[in-house]
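Q: For chain A, the structure is supplied; the task is to place chains B, C and D on it using the hints.
There are 4 protein chains.
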Amino acid sequence: MGGNTFGNIYKLTSFGESHGAAVGGIIDGCPAGLSIDMDFIQNELDRRRPGQSDITTSRSEKDSIEFLSGIYDGKSLGTPIAFIIRNKDTRSSDYDNLKDIFRPSHADYTYQKKYGIRDHRGGGRSSARETVARVVAGAIAKLILAKDNIEVIAYVSQVGDVILEKHYTKPDLSNIENNIVRCPDQNVAEQMVKIIEEVKKQGDSIGGTITCIAKNVPAGLGEPVFDKLQAELGKAILSINAVKGFEYGSGFSAAQMKGSEHNDEFFTDNDRVRTKTNHSGGIQGGISNGEDIYFRAAFKPVATINKEQNTINSQNQEVVIKPEGRHDPCVVPRAVPIVEAMTAMVLADYLLLRRCDI
Amino acid sequence: MGGNTFGNIYKLTSFGESHGAAVGGIIDGCPAGLSIDMDFIQNELDRRRPGQSDITTSRSEKDSIEFLSGIYDGKSLGTPIAFIIRNKDTRSSDYDNLKDIFRPSHADYTYQKKYGIRDHRGGGRSSARETVARVVAGAIAKLILAKDNIEVIAYVSQVGDVILEKHYTKPDLSNIENNIVRCPDQNVAEQMVKIIEEVKKQGDSIGGTITCIAKNVPAGLGEPVFDKLQAELGKAILSINAVKGFEYGSGFSAAQMKGSEHNDEFFTDNDRVRTKTNHSGGIQGGISNGEDIYFRAAFKPVATINKEQNTINSQNQEVVIKPEGRHDPCVVPRAVPIVEAMTAMVLADYLLLRRCDI
Amino acid sequence: MGGNTFGNIYKLTSFGESHGAAVGGIIDGCPAGLSIDMDFIQNELDRRRPGQSDITTSRSEKDSIEFLSGIYDGKSLGTPIAFIIRNKDTRSSDYDNLKDIFRPSHADYTYQKKYGIRDHRGGGRSSARETVARVVAGAIAKLILAKDNIEVIAYVSQVGDVILEKHYTKPDLSNIENNIVRCPDQNVAEQMVKIIEEVKKQGDSIGGTITCIAKNVPAGLGEPVFDKLQAELGKAILSINAVKGFEYGSGFSAAQMKGSEHNDEFFTDNDRVRTKTNHSGGIQGGISNGEDIYFRAAFKPVATINKEQNTINSQNQEVVIKPEGRHDPCVVPRAVPIVEAMTAMVLADYLLLRRCDI
Amino acid sequence: MGGNTFGNIYKLTSFGESHGAAVGGIIDGCPAGLSIDMDFIQNELDRRRPGQSDITTSRSEKDSIEFLSGIYDGKSLGTPIAFIIRNKDTRSSDYDNLKDIFRPSHADYTYQKKYGIRDHRGGGRSSARETVARVVAGAIAKLILAKDNIEVIAYVSQVGDVILEKHYTKPDLSNIENNIVRCPDQNVAEQMVKIIEEVKKQGDSIGGTITCIAKNVPAGLGEPVFDKLQAELGKAILSINAVKGFEYGSGFSAAQMKGSEHNDEFFTDNDRVRTKTNHSGGIQGGISNGEDIYFRAAFKPVATINKEQNTINSQNQEVVIKPEGRHDPCVVPRAVPIVEAMTAMVLADYLLLRRCDI
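Protein chains in written order, with my numbering: chain A, 4 to 361; chain B, 4 to 361; chain C, 4 to 361; chain D, 4 to 361.
So that you can see chain A by itself, here it is in the shape it has in the complex (with noise of 0.2 Å):
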């Protein structure tokens, strides 16, 4: 199938290496008629952009998109959208001596079993490269979810053992732009900062969580059995790299609960359907149900290190790699765009799949 195709009626199929001609996407399925707001997109990679602070790869990319079609007068035209994004800072040279390595943790030996060929160069299409087109995908799904009122809003909860541990309900989310870290709590991300520096300095990596909340999201979106707003929701951040995690709502600590503390008892506010608590998460039987949804994912530390590693090579021969690529010591900062994109581009696809329903 490829594996490159992401979503149902709103998608996405994107291409690219790391260090080929370009990246970019085609979304099919955006309905007609949507004012695109290009420096809305561009802010979106911004976000995610390579060299934005200190604690990122020092690889720089100004990463400017060049739509190609699809759009007329500054509106949707129904058609697929596609888009491009030239890679311009490529070091390939860095790589040339690990054209034959398979680096621990990485994709190299993967590719190389499961096609027998490999753009070694960066990784290829391993990359997290190519999450900038989830993530200008992702805006365009942000517009369709703005029209309904439907916010998508994520933030760094974890890094090594710093931990944000107040519930998603408890900071305030406005700061969360406001340190590189993109965490909402600002002694939080301090102490955030300085693991990274500190891991950085000893060109090492290390991991985190997300945590990401889809406010305004109107009861009634999933589809029953296979494809629960749920199941969706984790496949989409499972898809992207470095994601070992994935829970919503009360998540892995349901498994201690019991069902009558578990259970969010529903009344009425005004009219308006609400359950007291929501350990739920927003989703019942793989359908909203109009309260928050809440989800965490957590993110490995990226394989890419500076340091001393045992690996083979394709001859399968033992060998020492030092690796001198440039990498993020912590990807969970620029992750954040990333991990929204993926949930608005989910919930715009089953925002229109809902109005199949009756």
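Because the hints were derived from the structure by calculation, they are not lab data.
Please note that the accuracy of each hint is not assured.
Identical copies carry no separate label here, and so any pair may be met within one copy or between two of them.
Stated by the list, open to error - With a cut-off of at most 25 Å between alpha-carbon atoms, the simulated SDA-like pairs for lysine to any residue come out as follows:
{"hint": "1", "residue 1": "K102", "residue 2": "N181"}
{"hint": "2", "residue 1": "K91", "residue 2": "S67"}
{"hint": "3", "residue 1": "K261", "residue 2": "I315"}
{"hint": "4", "residue 1": "K173", "residue 2": "D92"}
{"hint": "5", "residue 1": "K261", "residue 2": "V322"}
{"hint": "6", "residue 1": "K102", "residue 2": "P34"}
{"hint": "7", "residue 1": "K78", "residue 2": "K102"}
{"hint": "8", "residue 1": "K91", "residue 2": "A24"}
{"hint": "9", "residue 1": "K325", "residue 2": "G163"}
{"hint": "10", "residue 1": "K325", "residue 2": "N309"}
{"hint": "11", "residue 1": "K150", "residue 2": "D360"}
{"hint": "12", "residue 1": "K204", "residue 2": "G119"}
{"hint": "13", "residue 1": "K65", "residue 2": "G77"}
{"hint": "14", "residue 1": "K204", "residue 2": "S263"}
{"hint": "15", "residue 1": "K310", "residue 2": "R277"}
The structure displayed is predicted, hence computed values, not measured ones.
A: Just chains B, C and D now, with coordinates in the frame of chain A:
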């Protein structure tokens, strides 16, 4: 899209309400010439069957299966395999007084919002009764996998606060079916049973986790970008009723780790490429690397409890309910074969997809 | 992909071999709250039923349908609608001597090559017995279309060299069901019946064509480029057993026309946009324009004939056969409801897809 | 669904408006390691290129292609192959006065009804300019097929009332590219050219037919029931602009035939199973049988003509137009590579699907 089909090449379309005439499905894409071991399929169904032990619901369904097509002389024809399982022990009258009530943390409210109509009896389509079709399709998927020597094994690793702390490689997995809770450690199993019995006495329910392992998966299964193997597994598992979280390999613990700790170094073991550690959980860049694939899923406590709860009815009036319907005090023992089934379906599907790579 | 599912939103997955236990299917994506008129569905099945007149096969199937899910209190639930029709009058022994023989112009040889195994009884999965599922799904599609006042009508326009020359707008379509051949012109119908009876006496079979019209289709149905409305209709019709050709609007006669003759000029008729001619067949650029959609399909003569024929067996040995199986001397009378069903399914699907446009 | 993706395993998603920045597409599912012959691809594009001879439109597009991804060192990576072709010779001002006018038998009106917005310049997305992407994907599909020795060849078999009566097996197909109309019979070709020139002088257009043959297709390609090989081929061809009809094998002539005439008897030719006749067109039960696959497609005359025509504008007012846009007097010569491309895409897709059968 309906949401009742799973898979790309090996596909299950399922149907059925909890108290309707029957549940079942159609498997399309099963390769031709496969010997269909009926005893094995029935045995898998028996592992999921309600009423199989004291710690499961007392609804008594024999779940005997009738195949309607796609099999001839004991072998698959390559054509659709349709099967039905009649619902027998439905006590629909138990639900008469719930007809207009939205039970807390059930799908009553969300189905009503989505469809404007619902079959309230036994939860209708939102009931886990539907998973019987998954177990059938999973059993046949296991037969496909067995030809490549691939095995899928799951067990209960947590019930409430009783946790089997051991890494999945430690316990003797041949013990799993030796106790009614399906935990490979006999001591821990006993504690789990005790908790479930207690909770049952209280008319309450309790959550838990399941750990699943796939052995002998060849390197090269998985699709890049959106259809990564872990993304499809995550979706498969998150589509099971009551699942709240999914983590694979190092999972959420990766958030605290450094790259130098997390990276799995390659080495060769008699010409076979292996990794020294397996934080990757057998998947790198979305593609299997030949190591064990393993993951953990969190289940919430069942929403049906025999306790008074506040909620509302379809006229938005507040009401108090105390449901009398039969239910499982803890779903995880019966969910073990369901987790295995979904895992087997994903792997069989990707094994078939794999054939188109080169 | 299996090939047993049709549709995007409104989807039928069908199953069943000619002499297996049952045929049937699952309809996914039917909107909720639709009144399911059981008499209408059975009536559509009766129009397709074998043994309905002297000019059809003598296989006698009542084709009584059992619905297993998706309907409650006479209304669709939005969940999958599963249905089965048991095979009753199978005389499988008629096929014993054909077990290893590849009948000319049947699918025996190609199924064997594709799958390495086949159910030879009555043609197995390749039998037109499978179309019973299409008629059920088409009947429910008609119920969806009826809410928008859309009608689908087909009739026999040719049998052998007896051709109803009149343009589809001329004959009185209310006469279609007044004769056993389903031709709206009584005189022509009689000639058609005569030919079929003759051919039947000879143990031979004869081809024919069906003309189909969809009225009141609103402008705007269809997808650009690959999923043009005519492309999907063409696929739907060409997937019916024995169909050899499809043309819509001006069809093959367009090859001889000039643009100045063929172009359909627009005008307004009481504010409704109309075209003066309708060579476009109600579709322009792949999208309906509000005029009648009409097309014609060619059917080959049934391959089963009671005449001696040379062929080979599975050991590649040349053999002479004279099959005794029951068969239709001409399929077109019974194919009328099948053509309507496929057309209705496409239109219902595209009507639902249409909701996502803007 | 958008409608801009074609294929199951080998998939093309295309984009682009006639006068937008570029047209192009993404091919997903191309097997890895395929040598990509750039000269061959450009040559296929040149066969479709406007301005290639006196009987095609004078729009002059070099159609030089840029590949952006999926190819490395001249070989396919198994990852998406993205490509763009810039639109150069757009004279959008030709269309200024048509901005609010619905041209007869174009898609102006239907796109406006569907989307509420359209790019009127050069027909926007509805222009056959889009087929350039099909030719690229078809060229790569031909490279896949070539490895199995499968060939796809098409030619013009009718222009207006000039018909190449000969059966496809008679003419010398190596002559096809020896004349500008792409007819293998030099005499008939000259008559065709004469007609087209005449029609061009009149500012009019003319229809035609194309015959296509696929040779060396192995037995066993195709899926049962809905995705029969002829159904997918029919859809592929009917999705091409201006196509009004599709028939394969005996086609519409089958309607007049008896079973005893039409049946293709099997025999063995040096152990190879063959049929004496080939009314089946190489496909039985939806699956290839190893004989030549052949079909014929009817094209209507181009809707753009330089003649006065009555129509309406978007205010429903009647207007008279005489378009000045450049156009092909007859599309069939340039449509030959497009028909081949769609056929090659279907066969490559089904060749890959075939691998999952057993």
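Q: Each hint: holds or not?
A: Structure-based check of all given hints:
no. : hint        : verdict
1   : K102 / N181 : neither (40 Å within a copy, 47 Å between copies)
2   : K91 / S67   : both (10 Å within a copy, 22 Å between copies)
3   : K261 / I315 : between (49 Å within a copy, 21 Å between copies)
4   : K173 / D92  : neither (40 Å within a copy, 47 Å between copies)
5   : K261 / V322 : between (52 Å within a copy, 22 Å between copies)
6   : K102 / P34  : between (44 Å within a copy, 21 Å between copies)
7   : K78 / K102  : between (44 Å within a copy, 16 Å between copies)
8   : K91 / A24   : both (8 Å within a copy, 21 Å between copies)
9   : K325 / G163 : within (23 Å within a copy, 45 Å between copies)
10  : K325 / N309 : within (6 Å within a copy, 61 Å between copies)
11  : K150 / D360 : both (20 Å within a copy, 15 Å between copies)
12  : K204 / G119 : neither (36 Å within a copy, 56 Å between copies)
13  : K65 / G77   : within (22 Å within a copy, 29 Å between copies)
14  : K204 / S263 : between (49 Å within a copy, 13 Å between copies)
15  : K310 / R277 : between (52 Å within a copy, 21 Å between copies)
The structure fails to meet hints 1, 4, 12 from the earlier list, while all remaining hints are met.
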